Amino acid sequence: MIVSFIPILVVDVVGSVAMVVIALLCLNKARRLRGMDPANAVFLYLLWISTGFTIFAVSRSFGHILRQFLILTSNAETWHTLAPYSGSVNTVSFMLVGLITLFFKQSWHINEKILSSRKRLEETHIKLVDLNQTLEQKVVARTEMLTSSEHKARRIFEQSLDTIVVTDEGFRVSEINQAGVALTGYKKGEMLEKKMGLKDFMAKASEWERIRGLLEVDEYILNEETDFALPNFSQVRVLITGGVDYGAFGCGKTFHFIIKNINDKKQMEQQIAQADKLAALGELSAGVAHEINNPLGIILGYTQLMLKEASGFEEDLKTIEKHVQNCRTVVSDLLSFSRKGSPEKRRLDVARVIDNVIKFLSNHTDFRKVEIGRGPLPMLPLMVYGNEQELAQVIINLIINACHAVGKNGRIEIETGETKDRQVLITVKDNGTGIRKRHFSRLFDPFFTTKPVGQGTGLGLSVGYGIIRRHGGDITARNREKKGAAFTISLPSAPAEETR
Amino acid sequence: MVLSWLFFLPPDVFATQLHAASEGIITHQVGHLFFLFSMVALIFTITGKALDTQKGWRLIQYSAIFFILWNLDAIAAHFFDNQIQVVKIENISLGQIRVVARNGSPVLAWIYYGLKLDHLLCVPALLFFYRGLSCLVSAQQQVTVKKETP
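The listed protein sequences derive, respectively, from chains A and S.
First residue of the first sequence: 1, per this note's numbering; consecutive thereafter.
First residue of the second sequence: 1, per this note's numbering; consecutive thereafter.
FYI, nobody ran anything at the bench for these hints, they're computed from the structure.
Careful, some of the hints might be misleading.
What the hints assert, rightly or not - Pairs of lysine-lysine, DSSO-like flavour, derived with a Cα cap of 30 Å:
(1) K147(S) - K113(A)
(2) K105(A) - K88(S)
(3) K119(A) - K55(S)
(4) K116(S) - K119(A)
(5) K88(S) - K119(A)
(6) K116(S) - K199(A)
(7) K127(A) - K88(S)
(8) K116(S) - K88(S)
(9) K105(A) - K116(S)
(10) K105(A) - K55(S)
The structure displayed is predicted, hence computed values, not measured ones.
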């Protein structure tokens, strides 16, 4: 059968060239694919198989083209010589492709393992990132809580009205709040610089030893009362609570104390106790005075009757009469101290009452060498509701006492004023010897006197106290900062309607 | 003496086997069969891994089918002309050939003529492979873009 050779020739030559070109394009694509994901074993497999196809295409195409060339150029014998070599290379090349192809399954498994490992790695990475973020959020939240807590603690420390002190192991101050600075009277810097300790604030060394002993034994103290000595030589009563803190994170042992100023509370308690005591004494005095007053009246009456007739005992009877009169004066004072109500009260200008008293006393010989001064006068008259004679008696008593305290060439000053809660104050100050601390609690007791026997009955202040209390007021005594004592009468201001 | 005798005057031991001339064509045919088998295996593996749902791998499967056909074509052609030698080609002129079937059958001659056009099978096979790789590259590019897009 004779047929055209052209179709075979064209298909063979063009196909061979096309094979090489397409195989090279495949190789290029496979390389790109591998470049996109170098860890992908399947892509590596495709690169290998593309390489195999390229070798196969090149070897086969080269053989085919060479064969056609040699046959067409009448060199068939040469081709017969080369044909076995070309065929062998061709056989090896497509066997290589077949061999590589058979590895696809293995490549796939390897790739699956790689992908699985990568996925687990990514999941683990995501978990780690999540954990890290959670950790960061927790750290932020904890830091905020810590900052808030620290801020609260700092505010409590700074704003506390009670003293808060932190000391080291040797009770030296390391931290103290503003209330502590105000209480002790020392500046914070001064305390730290001088390494001041709690014992430096104590009025008595023995008190500190006692408190330190408690701290060493129990490691805490609860509501221990003691006195602090202030730099101005005054004392303040305080209540101390404290304990040990062994610290954390390597901090040293410290002591924390809360110190409460109970000076005002103590004074008020003393005043209440004093008032209660004086009220009880008043009741007692009233009963005693009433019981004694009647027999005294009878004794005096009979004595005066007997004096009207000559009996030869006139001198003795006059002595009895004199002493009975003295007794009646005392009883009268006692009744004044304990009397429940005043006979008559009216609106009084305090300044006028004081002026009358000063005018009256200036004629007395005891006051000629004593300077009696008036403090600054208020713009408006200070009006109170009371009995003029009784109030004058109280002021006279205070001035007489002051006169005795200052001695010769002393100075007495009388000040008046009004508080915001409408209390009219009358203060009698002197520059005398002052009042001894131990006498404060007994100042207003009936018959209490520091004067020599026979020079005073001890009823002046107690009668004055009784009068002021009946007027709804109060009377207090204190020592002045520099020298002398000061007695302050406080009375309710007369209502505005009544002053018009 | 014995050693020198063994060294200088060795007898024939026939340690190396002699190969017949037909061994070449049989090896070539086995190679084609091996290639064919590997392509069949590739088709089944792709199906077994459910990769044929992706266009790229499906095209590679088509490529394997064409390579199988090409191998069958080559095996048949080699069988006819090299192994049983029932057909041969004689060059008559530059543009004409004579296909000679031993039994004078024109059908066999035409079949052999058709088998000689094997590039019509292997070139599409490689083209499908190229197209398959192109699709896999595109798919991989999309995956990369997706990963990079937050």
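*Tell me, in ascending order, the numbers of any earlier hints that this structure violates.*
2, 4, 5, 6, 7, 9
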